[in-house]
Amino acid sequence: MSKNATRVYNGDCPVLHRFEELSTIPRASGNEKGISDYVAQFAKQRGCMVEQDERFNLIIRKPAATGYEQAEPVIFQGHLDMVCEKNKETAHDFESDPIRFRIDGDMLYAQGTTLGADNGIAVATAMAIIDSEHMAHPELEIILTTEEETTMGGALHLNTASLKGRRMINFDSDREGILFVSSAGGVNIYHTVPVEWVEQQTGWGRPYILAVNGLKGGHSGDDIIHERGNANKLLGRMLDNLRRHVAFHVGGLQGGMKVNAIPREAEALLYLQESDVYYAEARVQEMNRILNEEYRSTDEGVVITLKAITASGRDGEKTASRKVFSDETKTAVIRLLTLMPSGVLSMDKEIDNLVRTSTNPGVITTGSEEIVVQSLARSSHRSQLDDVLRMLETLAETIGCGIRHDSFFPGWPYRADSKLRPHFEEVYERRFGKPLEVKAIHAGLECGVLIEKLPELDAVSCGPNLYEIHTPNEHLSISSVERTWAFLQGVLREMKE
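As numbered in the working numbering, residues 1 to 497 make up the sequence shown, in order.
Hints listed in this document are in silico derivations from the structure and should not be mistaken for laboratory results. One thing to keep in mind: the hints can contain errors.
[What the hints assert, rightly or not] Cβ-Cβ distance ranges computed for the label pairs, FRET-style: (1) M391 - E133: 27 to 35 angstroms; (2) H405 - E227: 23 to 31 angstroms; (3) E95 - L389: 43 to 51 angstroms; (4) G34 - S297: 39 to 47 angstroms; (5) F432 - K307: 28 to 36 angstroms; (6) E196 - V303: 27 to 35 angstroms.
Predicted, not measured: the structure shown is a model, and the values here were computed from it. Just so it is clear, CB atoms sit at the ideal spot from N, CA and C, and this is done for glycine as well.
Construct the complete structure from the given sequences, taking the supplied hints into account.
This is how it looks when you write it as structure tokens:
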């Protein structure tokens, strides 16, 4: 943080000071060089050994504190990148602008953007550990990876040959008092609809924007169980409803920003004849009534709008395309969005309230040659993940569109003989006078990737209270960060063996 910058947080917790400092450095997935270089230099200045690979992953080694030289090394792990989402009215460039904070009571927010506490809190905690001169701990191997929020590419390409530790604390969870010991695997799927463009004809009507807004969105792993509305699915549902009652042409559609975030907004450019506008508006009003009833407990702000725009773009209004989809293209993409699965597909049979398998159609983009719908499928069972892939492949064959998939990441299996788990439980109960909850999580964590590379790795995942991550309303509890920092120090202090 520059000398002239004004701190928002004025408490004593070094983690929050470091978090505010690192949030001045852009760190979108794929743009981690700056933050990686910064943390590497920070660690080197404090006498740590640093390995930085070609993907900007970091392995930082801090020697054991006095009296802990004989203890087994411990790995502390998080990721450098963040999900970058903002409200439409927010002027922010994630490639260059710092995250701007605001405090509301105990909660720390950004100003109209994602906060980046996922997983900036892990990075800030690592920096606080590195900077501490009096903290008691075994030798530490700090792993900070890149591209976790998109492909887990950093962890997948990390060379673990130099790592000595076989105990790992992943700091990428978002609930204080809960220790996660298993997570889902996943894969990115891309459905591609070839676009046949048709020149506009006289009499096709005026351009309108059909938009879905007001959804809460959220993390496509953690929040999928809440069955929140998916803007891309609701756009497809509205378009399918309209095509059964009025004639229209489509000039393009788009929705969502990140495949691992439940999309909050989506829109399509339509052309409607004046005689059909009344009926289209009636269908929109009826759908709003239905959605307000369906989503009153999860997305009470959901709204679908149909607004005319100008072809010229005068007065800063949206401009209309000179071309539209052919009827075949329009029908194919509406069918795809209507039939594509979304949300919870199955629940775990052994663990209460744990999603086993889900999909999230997270992003729709319209290009010059194709429309791409990108989904993220997750499952704690590889067999069910394979079933989802086959189902989506069959859907593509039925509609006549393309499909491909990439960025598979493995799940993290539960380890019954873990020694790290009972250690966390014992320290937590002594400190707080209540048991630590032990759970599995549907979100994807890098533990599974690293365990595939180091099968004997004993891992747990924890962290402070974070809320509405992957959305512009992301916020964290300041007091929870302070407590979690103190708890982590206690955990490490009692790892002398």
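Outcome of the hint check:
1. Range check, M391 to E133: Cβ separation about 56 angstroms, and the 27 to 35 angstroms hint is violated.
2. Distance hint for H405 and E227: a CB-CB separation of about 25 angstroms, consistent with the stated range 23 to 31 angstroms.
3. For E95 and L389, the Cβ-Cβ distance of about 33 angstroms falls outside the hinted range of 43 to 51 angstroms, so the restraint is violated.
4. The supplied range of 39 to 47 angstroms is met by G34 and S297, whose beta-carbon atoms lie about 42 angstroms from each other.
5. Taken as a hint, the range 28 to 36 angstroms is violated for the pair F432 and K307, whose Cβ atoms sit roughly 52 angstroms apart.
6. In this structure the supplied range 27 to 35 angstroms holds for E196 paired with V303, their Cβ-Cβ distance being about 32 angstroms.
The structure does not agree with the numbered hints 1, 3 and 5 stated previously, though it agrees with the rest.
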